[in-house]
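Undergrad: Top to bottom, those sequences are chains A and B. Each residue of the first sequence is one higher than the one before, counting from 1 in UniProt numbering. Each residue of the second sequence is one higher than the one before, counting from 1 in UniProt numbering.
If you're looking for bench data, these hints aren't it; they were derived computationally from the structure. There could be a bad hint or two in this list.
Here are the simulated DSS-like cross-link-like pairs (lysine-lysine), alpha carbons at most 25 Å apart as the crow flies [claimed, not checked]:
id	chain 1	residue 1	chain 2	residue 2
1	A	Lys13	B	Lys533
2	B	Lys503	B	Lys347
3	B	Lys426	B	Lys533
4	B	Lys533	B	Lys499
5	A	Lys13	B	Lys199
6	A	Lys134	A	Lys188
Some, not all, of what chain A presents toward chain B, calculated at C-beta under 10 Å [what the hints assert, rightly or not]:
id	residue
7	Gly26
8	Leu30
9	Asn45
10	Phe93
11	Phe95
12	Met99
13	Phe100
14	Val124
15	Lys125
16	Gly185
17	Asn186
18	Tyr228
19	Thr231
20	His242
Computed list of chain B residues with no C-beta within reach of chain A, every gap over 12 Å [said to hold, decoys possible]:
id	residue
21	Phe75
22	Leu132
23	Leu171
24	Gly173
25	Phe286
26	Gly335
27	His386
28	Asn424
29	Leu484
30	Val532
No residue lacks a Cβ here, since even glycine has one placed at the ideal position from N, Cα and C.
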Amino acid sequence: MAHAQTSHAPSDKYYVPHSSPWPIVGSVSLFTTVVGVALWLNHVNAGPWVFALGLAMVVFMFVRWFGDVIRESESRLYNEAVDRSFRMGMMWFIFSEVMFFAAFFGALFYARQFSIPWLGGEGVKVFTNLLLWKDYENAWPSNGPADVGGDFEVIPAFGLPAINTAILLLSGVTITIAHHALKAGNRKVLNIFLAATFLLGFLFIVLQAEEYMHAYHELNLTLGSGVYGSTFFMLTGFHGFHVTVGAIMLTVIWFRCLKGHFTPTHHFAFEGVAWYWHFVDVVWLILFVFVYWL
Amino acid sequence: MAHTHEAAHHADDHSHDHHGPEKGWRRWVYATNHKDIGTMYLVFSLIMFFVGGTMALVIRAELFQPGLQLVDPMFFNSMTTMHALVMIFGAVMPAFVGLANWMVPLQIGAPDMALPRMNNFSFWIMPFAFTLLLSTLFVPGGAPAGGWTMYPPLVLQNGTSFPMLIFAVHLMGASSIMGAINVVVTIMNMRAPGMSLLKMPLFVWSWLITAYLLVAVMPVLAGAVTMLLTDHYFGTTFFEAAGGGDPVMFQHIFWFFGHPEVYIMILPAFGVVSEIIPTFSRKPLFGYDAMVYATASIAFLSFIVWAHHMFTVGMPLAGQLFFMLATMLIAVPTGVKVFNWTATMFKGSISFEPPMLFALSFLFLFTIGGFSGLMLAIVPADFQYHDTYFVVAHFHYVLVPGAIFGIMAAVYYWLPKWTGHMYNNKLATWHFWLSTIFVNVLFFPQHFLGLAGMPRRIPDYSTQFADWNMVSSIGAFGFGLSQLLFAYIVWQTARGGVKASAKVWDTATPHGLEWTLSSPPPYHSFEVAPEVK
Ligand SMILES: [Cu+2]
Numbered sequence: 001m002a003h004a005q006t007s008h009a010p011s012d013k014y015y016v017p018h019s020s021p022w023p024i025v026g027s028v029s030l031f032t033t034v035v036g037v038a039l040w041l042n043h044v045n046a047g048p049w050v051f052a053l054g055l056a057m058v059v060f061m062f063v064r065w066f067g068d069v070i071r072e073s074e075s076r077l078y079n080e081a082v083d084r085s086f087r088m089g090m091m092w093f094i095f096s097e098v099m100f101f102a103a104f105f106g107a108l109f110y111a112r113q114f115s116i117p118w119l120g121g122e123g124v125k126v127f128t129n130l131l132l133w134k135d136y137e138n139a140w141p142s143n144g145p146a147d148v149g150g151d152f153e154v155i156p157a158f159g160l161p162a163i164n165t166a167i168l169l170l171s172g173v174t175i176t177i178a179h180h181a182l183k184a185g186n187r188k189v190l191n192i193f194l195a196a197t198f199l200l201g202f203l204f205i206v207l208q209a210e211e212y213m214h215a216y217h218e219l220n221l222t223l224g225s226g227v228y229g230s231t232f233f234m235l236t237g238f239h240g241f242h243v244t245v246g247a248i249m250l251t252v253i254w255f256r257c258l259k260g261h262f263t264p265t266h267h268f269a270f271e272g273v274a275w276y277w278h279f280v281d282v283v284w285l286i287l288f289v290f291v292y293w294l
Numbered sequence: 001m002a003h004t005h006e007a008a009h010h011a012d013d014h015s016h017d018h019h020g021p022e023k024g025w026r027r028w029v030y031a032t033n034h035k036d037i038g039t040m041y042l043v044f045s046l047i048m049f050f051v052g053g054t055m056a057l058v059i060r061a062e063l064f065q066p067g068l069q070l071v072d073p074m075f076f077n078s079m080t081t082m083h084a085l086v087m088i089f090g091a092v093m094p095a096f097v098g099l100a101n102w103m104v105p106l107q108i109g110a111p112d113m114a115l116p117r118m119n120n121f122s123f124w125i126m127p128f129a130f131t132l133l134l135s136t137l138f139v140p141g142g143a144p145a146g147g148w149t150m151y152p153p154l155v156l157q158n159g160t161s162f163p164m165l166i167f168a169v170h171l172m173g174a175s176s177i178m179g180a181i182n183v184v185v186t187i188m189n190m191r192a193p194g195m196s197l198l199k200m201p202l203f204v205w206s207w208l209i210t211a212y213l214l215v216a217v218m219p220v221l222a223g224a225v226t227m228l229l230t231d232h233y234f235g236t237t238f239f240e241a242a243g244g245g246d247p248v249m250f251q252h253i254f255w256f257f258g259h260p261e262v263y264i265m266i267l268p269a270f271g272v273v274s275e276i277i278p279t280f281s282r283k284p285l286f287g288y289d290a291m292v293y294a295t296a297s298i299a300f301l302s303f304i305v306w307a308h309h310m311f312t313v314g315m316p317l318a319g320q321l322f323f324m325l326a327t328m329l330i331a332v333p334t335g336v337k338v339f340n341w342t343a344t345m346f347k348g349s350i351s352f353e354p355p356m357l358f359a360l361s362f363l364f365l366f367t368i369g370g371f372s373g374l375m376l377a378i379v380p381a382d383f384q385y386h387d388t389y390f391v392v393a394h395f396h397y398v399l400v401p402g403a404i405f406g407i408m409a410a411v412y413y414w415l416p417k418w419t420g421h422m423y424n425n426k427l428a429t430w431h432f433w434l435s436t437i438f439v440n441v442l443f444f445p446q447h448f449l450g451l452a453g454m455p456r457r458i459p460d461y462s463t464q465f466a467d468w469n470m471v472s473s474i475g476a477f478g479f480g481l482s483q484l485l486f487a488y489i490v491w492q493t494a495r496g497g498v499k500a501s502a503k504v505w506d507t508a509t510p511h512g513l514e515w516t517l518s519s520p521p522p523y524h525s526f527e528v529a530p531e532v533k
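Excised from the complex, chain B in its bound form (with noise of 0.2 Å):
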């Protein structure tokens, strides 16, 4: 480059480049802007949730006595099925997709994201593609039954739905991919000057490792599918005993994309939580360089636990052996993780907004969620538990009171700065205990039904699992309806209100550059990088 520009760099002269947003449709569907496509991701996947929760209630009211009342079965597999894939490829990835939309370019201080165009393919191929799977609901045959992980043969036995299920994978595939490396590129490149790795925010931390396992494992998720496609369609017989293939391979590909899918859905919620909790405690981080560590550690082990998922499919002995150790091995990163947020409110001065609340929510529950996980890994008592409710009840543990509750908590930590309005206080702190508490009756019964042998994804049961069952189901009708107060509350929030100050949180103090910039930013963030010391 011939030029210097160290004079203009300061000078905050590009006039003409000081342009709002488009008027009218234009503006969300043409978007480049990181602040609208985060948000067009944020409404996405609360639509996305409450579509995914009817199809939770359709499955509770169904077993709320035992018998066979209100659904017919292969309805109701096919909402178990749905119920799954709309809620972590609808629901929880596009909503971290769209936290790290608003927030990443915030909190390292860049304009935008660095590849805007491709930001808003990835966003605009998430309603296309649930288009798609959603309308399986309406084809002959009815929508995919055969569960979300999609195993041979089962999953062939599917009609008209099936070839449209593997291709909204593709879709949703394709557009994680392209987000994730959006992400990825933003966090490399676009960081302000003196913002070394390890003085990011560790939302954007678990955002960068995160990325990195989407992009890894997402491709494998998409060939897995296309094999499933060619088996189904062009006689390829990658799955099928008879041609030399096995349908357990299908098990051991898929689970190396979906064991790393869980923490696609829980790692930014982990960063979420440790930019919180520091807050509400007034005190730093502790052992903040061992949080990045930890995160790192997990996800390296991720990559290496896969098979168990699949211990009573039978394999080596010594592949049980060693998909137990290391499976238990993500335990100490993990344990190190909760032991840094415990001992960042140690002695802190703590107070208890929305925010903190679901963040202490989310470390007592998603503890108990990772327990549960421990149990499963060990591989005699997974004979036990697998397929049971044992099951479903650890890992709505993780992902109700751990991710979603994440999401929540990252909600009511940063919506004052989106829509530069404070929200109401009293109604989402009767959101966060409603939430708290049912969601509690809802799942926690689940263990003693699972650990008493009531089989999951059965529309009916015996009637000794019938006391739980119901009070499961009270918790989830309870649940269900306590989050319209939560879109109640983000709609009146952006509506309107009490005006928020650029720092937010007057009483804390946050830290971190999105509160150096008003509330609601300007449309466009950093023109200007900060400097970082």
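Just chain A, same shape as in the assembly (with noise of 0.2 Å):
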């Protein structure tokens, strides 16, 4: 626990930055993050570039708007009035994040159980089927009546995804203890039982990297193939996203930990990042169940 945390003492005031630079940055790096896709998907040649240029500049507005909160969570600058906003403040970011997935899961759902059936000539859409897809059949998993992206084998939910249930879960075991460890003082199991967390994760990247080629080179199963691919990997790849940033942070807070950050009753970024953990969490095992499994 170093520097300047007993110099004085957390304010009575709430904590209004005076001014700050990193909101109207981020405002321009997303700008430019999004022109350039923009342009990329426009075929323009300089797209790529601009993208790159647009999270290169992303990431460094992160790193500093970051690194201005640390710095002022570290001078105890922060009441607990200040603390207890970014906890609501990251409950209802998290919430937003469920939300949209439910978009995706809500996506997968009506393809199960409207569109799919309905092709195939059940309920009141019969004449879709009479009059433009005959010989389709109500069947699940499915790439549509056009076969689009032709045949395709599925990735068995007893297989690689059941092991990514576990590394999932058991990460989720690491990171509570590692959250008694900061809570009891000890240091050395929670610096220990986050990086366990962190690199659990980055396996879980991994393994689902490896899947996303078994995929794409031996079962056929693509982006492209019908609404099984559709929502197969938006629902995985949003998820895979959201685990390679839920590892990210705490790779970083692992580090802020060997600093000497934190104390056991001040430590909203860890509780932040295990939230998301948590959340990601939930999300998989959601995932599992009706995209691999059911």
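Need the complex rebuilt from these two chains, each delivered in its own frame; the hints are there to steer you.
TA: See below:
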């Protein structure tokens, strides 16, 4: 527990930063990034470079912005009210993420419950089948009546996905142990179990990449494999992206732990990341059940 | 925490933190102050109001007479699409976020918004998002022309503008989510001691519920447009039957966002009106608790009515019945609100200052929009009205004399508080009468056109519709030009004028913490939290 913590007590006043360049830098960065992708998609040669520049700016902005926040936190400028704002903000952010995934799960359930059966001639949409897709039968998995992307095989739930489930569940346990160790002031256990958590996270990502290679090269299961491929890759892909972000955040707070940041009572960043990690965990469980298993 | 600070609580000795605003452009670009950011939001939304209004005038100029005269039909379609996107995401929503920025900390006794840097981030994303969106007007193939609802497969036929549209929506979504999180956290965490939830001003309540809706549905919109993007460029078939998807699925996901979105645009106006009517009736609001519960009920119901936008697209009978009945149920809490506003005025000592005029106009005209909404909720009737000018009339009644009059009422109510100056009452009253008369000239005939069968989003029409279209276009130009007066009044008041007192409305009895601060309030609002009894 290093610098500045005892120099002055956490203020009674709600900390409002005087001014900050990072929001405008962030806005310019996001703008550059999406303009880059838009150019890229419109086949402008500079597109990928503009996109890369934008991404680099986004990373720079995050490093500097969060750097400011960490410095302020470590010099005890934040009182309990500020801490509460961060907690609430994180929870609402996770809620917005839940709703983002809900859109894609909604697409999955709609395809399985409505569009595929209707195309197969069930229910009120029987004429679509009779007039357009006569030979198509309701089945799941399906790449649709036009066999979009050609025949494919699916990844069985109780192979790699089950192992990945075990990995994520285990990482949920290790981060909880790390949290208890932090609260008990046991820094050694904290550092070890936090490291275990992000290593498990990165292992998950490696295995997921392995699974994607297998799907693309051997199973002919691609993003273009009809609505099955669409929902499979968009759901697992966005989940994988969130695991990557979560693992990076875990790594960052691990380095902070090594530097002696956080106290048994004052460690919002740790808890925020832990909540986020549990959130990606839960999303995975739902994915495992509805995308891989059932 | 090992320290207690009870003694230091009221000793206002943090002199090192008592700095004013930064000098020059940094004050705005690096802002963290809720008032500065609120001002930027409001100015931005006023600019967008005129940009979107100009697009509306292009539409009404083309429709002044039957036949194709002024613009290319494709450009006409771009105008209907862009007018909606600019007005919804650029004018109405940022205006309400601006009002929240200014008023929520003042009304709950907070020093600032809870997350000041994120506040500035959510603002500054907006000008960039709209730079991206408006620049589509100049790319090959023109701006998006498939309607603001972005239905596939039509939207996928947009050319160069397509990814720009999608990413602009992503940016607006990110901005709205951050803005909404900030409002929720501010309200939940920053209230002055003693201000329990059921003592909060109704503007704060309505924004709390609006922010919850925003956090719940903006990510769904982001998901929906992401699926459009991958369908267009990356071979997915979410919305294509050949691959097992369904274009109607997009409509379901979109309207799951879209219906709560209409409440996002009206609930804060409800809150504003609930502040103004008691002030100028010189009576406390009738049925405060009922107002809170009604707002919450509307928000809950808004999640289970979305398919009333898609009756004609086909769905199982049980679905039609459910969505029809759930939609009509919303009339109950809305009726509670209209009743309570009316009951607040009953036997009140009413005066008709500009904010009250706009609030009253809101009350009557929003209710007309509510009634036409009930008509549209009836499935067999909707089969007739769908995609006609009746729908256009309906949602413009709830959005223009609804949401926008709510915003104007709020500006006229709080502008003296913000600037420290009284505005020109006579000009403001002129602005009110011109707006209220022209808005009816503009939109009321569209009911007749719709019932007679005129389709929306078409640049030409059968000659039988000529008369009312001409009337409507005259109303549109009258309404549009009247708004220049509004901009002038705001500009004039910001520059100077008669000093406003802290209470501003001397003849009235406004309640609320904002009136305990000077006009304009100090740069940092409540450095020491007030006690609320
Ligand atoms: Cu609706």
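Undergrad: If a hint holds in the structure, say so; if it does not, say that too.
TA: For each hint, the structure was consulted:
1. Lys13/A x Lys533/B: holds (22 Å)
2. Lys503/B x Lys347/B: The given pair, whose Cα atoms are some 24 Å apart, holds under the 25 Å limit.
3. Lys426/B x Lys533/B: violated (38 Å)
4. Lys533/B x Lys499/B: Not OK: lysine 533/B and lysine 499/B at ~30 Å, beyond 25 Å, violated.
5. Lys13/A x Lys199/B: Holds, because 24 Å separates the two Cα atoms, which is no more than 25 Å.
6. Lys134/A x Lys188/A: violated (66 Å)
7. Gly26: holds (5 Å)
8. Leu30: holds (6 Å)
9. Asn45: violated (15 Å)
10. Phe93: holds (6 Å)
11. Phe95: holds (6 Å)
12. Met99: Cβ of methionine 99/A sits 4 Å from chain B, so the hint holds.
13. Phe100: Holds, about 4 Å.
14. Val124: holds (5 Å)
15. Lys125: Hint holds; lysine 125/A Cβ to chain B Cβ min 7 Å, cut 10 Å.
16. Gly185: Since chain B brings no Cβ nearer than about 15 Å to glycine 185/A, farther than 10 Å, the hint is violated.
17. Asn186: Since chain B brings no Cβ nearer than about 21 Å to asparagine 186/A, farther than 10 Å, the hint is violated.
18. Tyr228: holds (7 Å)
19. Thr231: holds (8 Å)
20. His242: It is violated, given that the least Cβ distance between histidine 242/A and chain B is near 13 Å, above 10 Å.
21. Phe75: Its Cβ never comes within 12 Å of chain A, the nearest being 20 Å, so this holds.
22. Leu132: violated (7 Å)
23. Leu171: violated (6 Å)
24. Gly173: Violated, since 9 Å does not exceed 12 Å.
25. Phe286: holds (33 Å)
26. Gly335: The claim holds: glycine 335/B sits with its nearest Cβ about 30 Å from chain A, beyond 12 Å.
27. His386: holds (18 Å)
28. Asn424: holds (34 Å)
29. Leu484: It holds; leucine 484/B is separated from chain A by about 30 Å at its closest Cβ, greater than 12 Å.
30. Val532: At about 17 Å from chain A, valine 532/B clears the 12 Å cut-off, so the statement holds.
Against the hints set out earlier in the document, violations occur for numbers 3, 4, 6, 9, 16, 17, 20, 22, 23 and 24.
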